[in-house]
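**Q** Its first residue numbered 1, the sequence shown is counted upward by one per residue in the working numbering.
Just so you know, the hints here were simulated from the structure itself, not pulled from any lab data.
From a predicted model like this one, the values you see are computed outputs, not experimental measurements.
Among these hints, one or two may not hold up.
Listed next, the in silico DSS-like pairs over lysine-lysine satisfying Cα-Cα at most 27 Å (straight line) [said to hold, decoys possible]: (1) Lys131 <-> Lys74; (2) Lys131 <-> Lys110; (3) Lys168 <-> Lys284.
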Amino acid sequence: MPVMMDRVIIPELRLKFAEKSWPDTFQLVRRCMEKSRDKSRSREPLERSLEKLQEESNVCTINTTKLRLEIIAKQQGLSFHFAEATCYLSADLFYVEVLLLPCGEVGEVKVVHHGESPVPSESLLQLLRSKNFAAFSLKLQGLFAQYNIPGDNELKLKLLASLQCLGKDLWKIAHLPREQKYSDPEMDLINNGRIGDLIMGEEDCPFTMRFFIPPTNGTKTLVSELNPVVQAAQVTVVVSDVTHKLQMASVVPQPPQLDPQGYPVFVPLNEVPNEMLPACFLLKLQPAMPVMPSFVKKLSQITDVTVPDVDLQWAPLPKLLMRDSLSASSSWEMTCESKMIFTVTLPGGVMHSYIFPGAAWDVPAHRGAVVDSVPFTHPGHVPALLELLRHQCAINTLLRSCFIFLCASPAGSVCGLHFEVLPESDSSFSVTFQPPDAESLGVLLVNVPKPHQITCSLFGANTRDPSINEYLSSVIMSCMSIPETMRMLYNKLEDITSVPLSSSCSATTEAENDHSAPSSTAVADTSRALATFSQSAAMPKDGFSVSDLARSAPTVAKSESIFEIN
């Protein structure tokens, strides 16, 4: 019946409104929106219809531009009014002026913060002139989030003043001298700066700091082929159930000073104007990021403010990372044993399969939760918070690399290399694999003790090369990719196994005589462990089986898991 009604009504509506102009159609939809109606019924369908009509219409008049800005204002929670060819999109602590020309084009855009003079905004002006209303709306959303401070007017003004003092102190910290670690100045500022790349003082940009971006130097890998996501945090202030002592003046002395560890020295909060307020500062993570429980605990220890965990939903860390990371050339499956299996394609058509055993990752210590904000109360908390968040970002980047690659798989290609990824601690994991031309298994232990330090330790794999761990650590630091590191390792092992026996024996003898080579006892212990390990991991005729290293090499792996690829 509804289909029959549509067939009768739609043609009649088309005929009725065929001769109406776009402005008349806009006015009709607006009248429908403004009519008194049941509040339980949403106006959103009508708003979407009006927005769609405006997108399709090329007509540019004062009325159509004004109507478009009014819809954007309502979508972002701003009030709107129009006077003397100027649109005002207003919040409590800022407003935006948009001057319209008689032809409907935008003549000027100004942003006015509370207590300050209007400041022209070239970026907002260009967005409106290019009809990029979606980007303009996002800009307004960021400004509204910055100044959307709950409370009465007195509290809002106090919190705004405290936030401005925080911003000035962070600006001073950002310009303290520091040692450069990366050749790329922008990457060094983001990844190595005490507070990252601070963006503030611009009239149309919220108070934001960018603090992590995967490296794009070194070997051409996934990270360098993608447009890497920059992890950022918007700084704002929010009300809380607990009162905190917040600054009402600068706590950075003039001139700024550094302690022996290179951190800024602060004036005690009791020695500067301050107030006890039911509020705290907030780092709003952009985008929200998966964080392990041990890191959530450390965040709270830095600030003495608990990270709200009421809405946190814990799940295996790889599963959280996978949700928004799979590319079109990646595939994955969940087996009946809750193993996550990801197949990725590297440059050159090389295919890897990465197995994440569910039993190993689905335990409290190795689960994660998506955290979208971190509360704090003092500018001195920020450098330590960012270092901890960078540490988690480095771990996430490495694990995420196991299931996102952009290279298309060659037709008829078969994945012949399988790897099992197991957690070892909150900052390390192991990758078990079968080396080329070997019956025993190899294990690569990846340790991330600090955000700027990643080390690799290779066990087994029929190699006694004392430099291979240093080589692998250098590779993984430059590309931040497990698949690329395993590809380089596999190539290295193939080169080693192709060396004639006499040359191999000579190289082994030299390594044993070198002071940097592993001790004979350590080598023997590892060999015995891997020999026992390999006995329980024989190659079946119809597939590949890898057993856990826990029983035979407890220093390398602690979890018990067995996976099979058929």
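**Q** For a quick check of understanding: which of the numbered hints are violated here, in increasing order?
**A** When the structure is compared with the hints, none of them turns out to be violated.
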